[in-house]
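Given the sequences, and given the hints that come with them, work out the whole structure.
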Amino acid sequence: MDDILYKIACTLANLENSNNLGKLMRGALKEKIPILEILEKGLRKGLNEIGRKYEAGEYFLSELLFGASMMEDAMKILAPRLKAERLEKKGQIVLGTVRGDIHDIGKNIFKMFAEGTGFEVHDLGVDVSPENFVRMVVEKEPEVLGLSALLTTTTPEMKIVIEELEKAGIRDRVRVLVGGNAVTAEFGKEIGADAAALDAVQGVSFCREWLSR
Amino acid sequence: MKEPEGIAPRERIKNAADFKKVDVIPWCESFYEDTLVKFFSEGLPAHEIINIEWEMSLDGRLLANWPKFMGFDPHSYFGCINYMGCAVPVDMGPIPRFKQQRIGENAKYEEYIMETGARSRRFKKEMGKITWYAMPQFLEFPVKDKKSWEQYKKRLNPEDPRRYPKDWEKDGYLRLFDGYQKGPTMLVITGFYGFGAELMGIPNFNLAFYKDPELIEDMVSHWEYFTIESVREAVETLKDRIDMVFWWEDLAEKHGPNISPKLYKEFLLPHNKRVTRFLNKNKIRRIMMDSDGNTQPILDLVIEAGITGHWPLEVNSGMDVRNLRKYYGNKLFLAGNLDKREIAKGDEAMRKEIDSKLPLMKETGGYIAGLDHLVHVEFTFEKFKEYADYLKEKLII
Numbered sequence: 008m009d010d011i012l013y014k015i016a017c018t019l020a021n022l023e024n025s026n027n028l029g030k031l032m033r034g035a036l037k038e039k040i041p042i043l044e045i046l047e048k049g050l051r052k053g054l055n056e057i058g059r060k061y062e063a064g065e066y067f068l069s070e071l072l073f074g075a076s077m078m079e080d081a082m083k084i085l086a087p088r089l090k091a092e093r094l095e096k097k098g099q100i101v102l103g104t105v106r107g108d109i110h111d112i113g114k115n116i117f118k119m120f121a122e123g124t125g126f127e128v129h130d131l132g133v134d135v136s137p138e139n140f141v142r143m144v145v146e147k148e149p150e151v152l153g154l155s156a157l158l159t160t161t162t163p164e165m166k167i168v169i170e171e172l173e174k175a176g177i178r179d180r181v182r183v184l185v186g187g188n189a190v191t192a193e194f195g196k197e198i199g200a201d202a203a204a205l206d207a208v209q210g211v212s213f214c215r216e217w218l219s220r
Numbered sequence: 008m009k010e011p012e013g014i015a016p017r018e019r020i021k022n023a024a025d026f027k028k029v030d031v032i033p034w035c036e037s038f039y040e041d042t043l044v045k046f047f048s049e050g051l052p053a054h055e056i057i058n059i060e061w062e063m064s065l066d067g068r069l070l071a072n073w074p075k076f077m078g079f080d081p082h083s084y085f086g087c088i089n090y091m092g093c094a095v096p097v098d099m100g101p102i103p104r105f106k107q108q109r110i111g112e113n114a115k116y117e118e119y120i121m122e123t124g125a126r127s128r129r130f131k132k133e134m135g136k137i138t139w140y141a142m143p144q145f146l147e148f149p150v151k152d153k154k155s156w157e158q159y160k161k162r163l164n165p166e167d168p169r170r171y172p173k174d175w176e177k178d179g180y181l182r183l184f185d186g187y188q189k190g191p192t193m194l195v196i197t198g199f200y201g202f203g204a205e206l207m208g209i210p211n212f213n214l215a216f217y218k219d220p221e222l223i224e225d226m227v228s229h230w231e232y233f234t235i236e237s238v239r240e241a242v243e244t245l246k247d248r249i250d251m252v253f254w255w256e257d258l259a260e261k262h263g264p265n266i267s268p269k270l271y272k273e274f275l276l277p278h279n280k281r282v283t284r285f286l287n288k289n290k291i292r293r294i295m296m297d298s299d300g301n302t303q304p305i306l307d308l309v310i311e312a313g314i315t316g317h318w319p320l321e322v323n324s325g326m327d328v329r330n331l332r333k334y335y336g337n338k339l340f341l342a343g344n345l346d347k348r349e350i351a352k353g354d355e356a357m358r359k360e361i362d363s364k365l366p367l368m369k370e371t372g373g374y375i376a377g378l379d380h381l382v383h384v385e386f387t388f389e390k391f392k393e394y395a396d397y398l399k400e401k402l403i404i
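These protein sequence lines are chains A and B, in that order.
For the first sequence, the numbering used here begins at 8 and goes up steadily by one.
For the second sequence, the numbering used here begins at 8 and goes up steadily by one.
Source of the hints: derived by calculation from the structure; they are not laboratory data.
From a predicted model like this one, the values you see are computed outputs, not experimental measurements.
A couple of the hints might just be wrong.
Per label pair, the in silico range of CB-to-CB distance [as the list claims (entries may be wrong)]:
(1) A:E127 / B:E243: 54 to 64 Å
(2) A:C17 / B:Y39: 43 to 53 Å
(3) A:Y13 / B:S363: 45 to 55 Å
(4) A:E127 / B:G325: 30 to 40 Å
(5) B:K151 / A:K30: 19 to 29 Å
(6) B:E273 / A:K30: 25 to 35 Å
(7) B:R162 / A:R59: 41 to 51 Å
(8) B:I310 / A:L36: 46 to 56 Å
Sample of chain A residues facing chain B (criterion: CB under 10 Å; computed from the structure) [said to hold, decoys possible]:
(9) G64
(10) L72
(11) F73
(12) M77
(13) H110
(14) I116
(15) M119
(16) V133
(17) D134
(18) T191
(19) L205
(20) A207
Even glycine gets a Cβ: it sits at the ideal position worked out from N, Cα and C.
Okay, here's the thing in structure tokens:
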């Protein structure tokens, strides 16, 4: 069993094609390996390795996207059984690009990677008002609120969202993660975010770290 | 605020890019139009930078001395150089163009078909209110697969006579280019990454390197053919009257290049080399890549491809002229890299940023001063003037 899970992880981490990964997945299912094992010891292990290689400068955006796309294909094979087994998500993330900003490439990459890692992501899209973020935090009770902004002119909106969370008395219920080209670690600290992600993989790492505590 | 006396800015740029001695380090900037509008409201004297020419005809009607608004010339006012002051007029876009048109709107957004064929939306402009520059949100791109690429390719015919102006005539343009000494004569080329990302969108284009390498190979082969053949007439006519090639690529973000060195080597390098060899054969040797983000992991390959200069070297992405010079010596002339965030603060922060980089650049040469991107709306007119005055003083060798 470990052998086939190892192969699944390696096939994904080495970005071999989706067909090979699909064959291995179907093999694992035929051997009646529990879905959770396939997910955790196979696919997510492989995806984590892709993230590690990206952070280490061995992989770049193309590899990250292709890895996430292979993961998406693999999840389609598992989808019918996932529903039956009702596997728990690792946690919930409410995500969006702040008001006045309609950029979404970085946000979407983060979303793909976070979903692959096992988070349930509620994507509010772009140009999201602070009120909308607050409303969704109240409604979904996520562990993480992810705020994205590309422009230096729209990063002040992140601070407004945090202030609105405070006003609503729910700031301590959710971790705030900020990201985007104009965001720096210093800026994150300055506005009272819990962390500033310099890229999608680092953002997901923060979420995993918070949820594992 | 006049530019420093001495040799013409055009020669200064050429000498700096060639690592030759200069009397003053050249200074180039590009302005967002929004920034200039803001500067007007903060005291920039409009009459000193608005460029008006006197036309004898307008829209086919014969008129005498009809003033025509041509745009802004902030460069002369501040004493910096415009990279694009004199661009070789080759149309490298899709021909026929997609008709740029608004296809929908709601209370907040307008949806457009752009000239490249992409569908996008952007914020609606409010009357009397300035909408600051922002890239639109792309909703759909014209190339999705082999079939749509084959369709699009028909618009990328280098032989189309509309690629050159109707009045294209060798001697006239030679005179025109020789007469322009305020900056370099520039030929603008879109590098393959920029080309593909514009047609497919960054995520799909990046994925295609793995999911559909045959499509990428076909696109890059056509890009090479299209680029060389489109510019051939201008390049073979003007040769080294073209001072520099502005190679727009935008292939990186803060974390690093969007494509790996492996993919660059496999797909881009051979084609880029053939384009740069064609330019070199015609005595055009200054080729400056425009890419934001952290390009360092692929710079060795970029240089191998024939690129000789790099702009704007974003500090926020970890680019630093001091390290780049140490590592690449005179293999790469450097342009920009003055941290816009620090410079916009003015005073001590601005002076510190300039003083930390200029001495080494003066000593080693091969540098064109400037911000690490366009002049953004966060600058106030006062702070930009303060920067201009301080920098110009420091640029003198």
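Each hint, compared with the structure:
For the pair E127 of chain A and E243 of chain B, the supplied restraint of 54 to 64 Å holds, since their beta-carbon distance comes to about 60 Å. Taking the beta carbon of each, C17 of chain A and Y39 of chain B are about 48 Å apart, inside 43 to 53 Å as hinted. The given range of 45 to 55 Å is respected by Y13 of chain A and S363 of chain B, whose C-beta atoms sit roughly 50 Å from each other. With their beta carbons about 33 Å apart, E127 of chain A and G325 of chain B fall inside the hinted range of 30 to 40 Å.
In this structure the hint that K151 of chain B and K30 of chain A lie 19 to 29 Å apart at CB holds, the actual value being about 28 Å. Judged by the Cβ atoms, the range 25 to 35 Å given for E273 of chain B and K30 of chain A holds: they are separated by roughly 26 Å. For the pair R162 of chain B and R59 of chain A, the supplied restraint of 41 to 51 Å holds, since their beta-carbon distance comes to about 42 Å. About 49 Å separates the C-beta atoms of I310 of chain B and L36 of chain A, a value consistent with the hinted range of 46 to 56 Å.
Taking 10 Å as the C-beta cut-off, the interface hint given for G64 of chain A holds, the closest approach to chain B being about 6 Å. With a least beta-carbon distance of about 5 Å to chain B, the hint placing L72 of chain A at the interface is held under the 10 Å criterion. Satisfaction of the interface hint for F73 of chain A is found here, the shortest Cβ-Cβ separation to chain B being roughly 4 Å, below the 10 Å cut-off. Nearest Cβ of chain B to the Cβ of M77 of chain A: about 9 Å, under the 10 Å cut. The hint holds.
With 10 Å as the threshold, the beta carbon of H110 of chain A comes within range of chain B, its nearest partner Cβ sitting at about 7 Å, so the hint holds. Among the interface hints, the one on I116 of chain A holds; its C-beta lies about 7 Å from the nearest C-beta in chain B, closer than the 10 Å criterion. Because the smallest distance between the Cβ of M119 of chain A and any Cβ of chain B comes to about 9 Å, under 10 Å, the interface hint for this residue holds. Against a cut-off of 10 Å between C-beta atoms, the interface hint on V133 of chain A holds, since the closest Cβ of chain B lies about 6 Å away.
The interface hint given for D134 of chain A holds, since its Cβ lies 8 Å from the closest Cβ of chain B, which is under the 10 Å cut-off. For the restraint placing T191 of chain A at the interface with chain B, the shortest Cβ-Cβ distance is roughly 7 Å, inside the 10 Å limit, so the hint holds. A hinted interface residue such as L205 of chain A counts as satisfied when its beta carbon comes closer than 10 Å to some beta carbon of chain B; here the least separation is about 6 Å, so the hint holds. Annotation: interface hint on A207 of chain A holds; nearest CB of chain B at approximately 9 Å, less than 10 Å.
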